[in-house]
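K.L.:
Here's the letter readout for the chains.
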Amino acid sequence: MSGHEFQSFFPDSGEVDMSDPSTSIDETTIAELRALAARYPQPRSALLPMLHLVQSVDGRVSPAGIEICAEILGITPAQVSGVATFYTMYRRRPGGKHHVGVCTTALCAVMGGDALLDQVSHKLGIGPDETTPDGKFSLERIECNAACDFAPVMTVNWEFMDNMTPQKAEKLLDDLAADREVTSTRGATITSWREAERVLAGYSDGRADEGPSAGEASLLGKQLADENGWSAPKGEQA
Amino acid sequence: MTDLLTPVLSANWGTERSWTLDGYRASGGYTAIEKALKLTPDEVTTLVKDAGLRGRGGAGFPTGMKWSFVPKDNPNPKYLVVNADESEPGTCKDMPLLLASPHTLVEGMIIASYAIGCHTAFVYIRGEVLHVHRRMQAAVAEAYAAGLLGKSILGSGYDLDIIVHAGAGAYICGEETALLDSLEGHRGQPRLRPPFPAVAGLYASPTVINNVESIASVPAIVGNGVAWFSSMGTEKSKGMTLYSLSGHVRRPGQFEAPLGITLRQLLDLSGGIRTGHQLKFWTPGGSSTPILTAEHLDVPLDYEGMAGVGSMLGTKALQIFDETTSVVRTTLRWVEFYKHESCGKCTPCREGNWWLVQILKRFEAGEAEEGDIEKLLDVADNIGGKSFCALADGAVACVTSAVRHFRSEFEAGYHTPAWELFPYGRSALFAVADKSGAHA
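Chains as they are written, first to last, in my numbering: chain A, 4 to 241; chain B, 317 to 756.
Errors might be hidden in some of the hints.
As the list claims (entries may be wrong) - The calculated DSSO-like cross-link candidates involving lysine-lysine, where the alpha carbons are at most 27 Å apart (straight line), are:
1) LYS677/B x LYS691/B
2) LYS237/A x LYS351/B
3) LYS237/A x LYS552/B
4) LYS467/B x LYS354/B
5) LYS661/B x LYS702/B
6) LYS126/A x LYS100/A
7) LYS237/A x LYS661/B
8) LYS467/B x LYS351/B
9) LYS388/B x LYS365/B
10) LYS661/B x LYS365/B
11) LYS677/B x LYS237/A
12) LYS351/B x LYS365/B
To be verified - Quick partial rundown of chain B residues pointing at chain A, CB under 10 Å, derived from the structure:
13) TYR395
14) TYR460
15) TYR474
16) HIS593
Everything labelled a hint here was simulated from the structure, so no lab data went into it. For each residue, glycine too, the CB sits at the ideal point set by N, CA and C.
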């Protein structure tokens with residue numbers, strides 16, 4: 004035998020933490036959850052946005068949130084838990100004010116993402132999927148975030164932090180720790196993970212007009228076309 | 317001959333407030349919709365079919381054909397679902413499009429919905445891109461306020477609602493049937509086909525699922541005509557498309573060009589491989605497309621060209637790696653991604669990718685045993701084609717192609733760690749201690 008024993012693999016998706024029953028969900032939240040369910044031809048379609056909203060209020064997918072979603076949608080709490088434990092963005096226990104992601108999928112990893120993860124982890128004193136004792140930061144080793152032309156990439160509360168370097172990462176964490184204003188390279192002023200979750204649920208924070216139209220890499224081809232006088236052919240409407 | 321680069325979708329990126337209704341209109345936006353609403357729905361479908369637009373999300377299926385599969389006699393509502401779950405490693409074209417010009421997608425969705433007779437359309441956007449959600453939500457709100465969505469769009473009598481929907485972190489939801497399960501509020505797991513979504517998709521009703529770039533191309537096609545679109549590209553791969561260059565190139569970025577441009581031409585545009593280095597391997601369309609080498613620099617980057625060299629055009633996500641990069645390390649990272657993202661429904665994919673990771677870690681650490689290459693390929697053979705969806709095929713594509721092109725590097729894994737053969741710090745864009753980044 005090679006020493007490689009057969010093992011069956013089931014990913015450890017964990018469970019929702021039912022031990023802490025606390026919740027901040029109130030009548031307003033319930034009304035908003037109902038409004039989400041009403042947006043869709045079939046209410047259950049709203050479950051993903053509803054869980055984003057639960058997180059924005061409770062800081063995690065709480066037992067109360069699960070019960071309320073189940074009740075509104077007419078499904079069982081087990082069905083809601085089954086969904087909540089499938090998707091990586093749902094938290095089963097409270098996290099930090101800011102969610103810091105470091106991409107370590109192949110391309111970012113090779114270009115410096117692995118080193119950035121080591122650095123961030125060391126600086127914050129926590130590993131991936133952990134939260135600092137002061138409740139300020141949670142760290143996640145994230146998968147490809149669709150920004151490969153800006154590699155290596157980090158995220159804060161799911162806003163792009165493009166073209167990261169050790170120096171930029173150091174400053175980013177210092178600024179966030181000191182509550183100084185931080186702006187995404189292709190997004191808005193950083194608020195908090197909870198506020199981000201509320202936007203994902205479908206409730207606007209009025210920041211769509213912040214940030215640029217596009218990053219430098221996104222504009223490169225167009226810029227070269229302009230410089231060289233290249234364009235698409237003229238069409239019928241021209 | 318068309319020009320080397322042909323910005324159409326990206327033409328208004330970077331312009332003054334390009335993401336707003338006014339900004340989009342200033343660049344000619346929302347004129348195609350007026351033209352489309354004067355045609356019959358069937359005429360719009362025929363136009364898109366005749367133009368030869370093929371799906372830009374990876375599979376390359378003709379878009380107009382997909383629309384024509386929606387049965388007219390089915391009494392259920394019809395649905396359009398736009399797949400904005402852009403998560404394939406290397407792929408980074410749809411997110412910049414939605415950030416810079418969400419109204420292009422809205423206009424495309426109105427036209428496509430009109431063509432297939434749909435009155436409720438969805439955009440399923442991956443959750444991890446907050447600002448994209450803001451821009452898309454704002455664009456849809458503006459479109460309602462301007463009478464471009466809702467009841468009787470522009471007085472045409474045609475009604476349409478668009479719902480912007482957030483995913484929650486699952487690569488698998490980019491697979492169209494898993495996306496539908498997710499959009500119905502379930503775990504995102506693929507469905508067995510048939511029935512195909514065109515017949516029984518969302519809520520078991522006829523559903524068209526298209527990639528962002530496919531639908532965003534529709535206004536330009538309707539506005540400029542079939543001849544215009546097919547004057548770009550090659551015989552079977554028509555039109556312009558977004559190529560995304562990332563990795564060890566001097567200037568990574570988005571390049572909108574006619575289908576059929578080559579990597580050599582794109583590398584020239586991006587200033588070549590970073591100074592002092594050479595191309596080692598690359599993906600033509602994300603990590604699920606078999607890797608290629610410098611030998612393939614002049615192969616046209618179109619559907620046929622890539623199939624001809626045993627790969628796929630995929631999402632046109634060209635990830636470029638230079639000679640400092642360990643193929644073993646990169647392959648391990650890709651397979652770790654698939655292991656993480658396997659939904660767990662099919663045993664070959666769930667267990668097999670986990671096994672591949674174990675074996676690849678031995679190669680990376682220089683602790684592989686004689687016969688492990690064969691074991692790797694054997695496990696891969698038991699995954700690919702033996703699961704419900706293409707995630708499994710994509711997962712093994714990087715493994716089998718890496719062994720095909722770089723077998724000696726895997727053989728070196730019988731005795732030498734990858735980080736000794738290819739000190740990891742040398743691949744990074746900034747100075748790092750050499751042992752850093754091993755994560756062994």
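K.L.:
Of all the hints numbered above, which does this structure not satisfy? Sort the numbers upward.
P.N.:
7, 10, 11, 14, 15, 16
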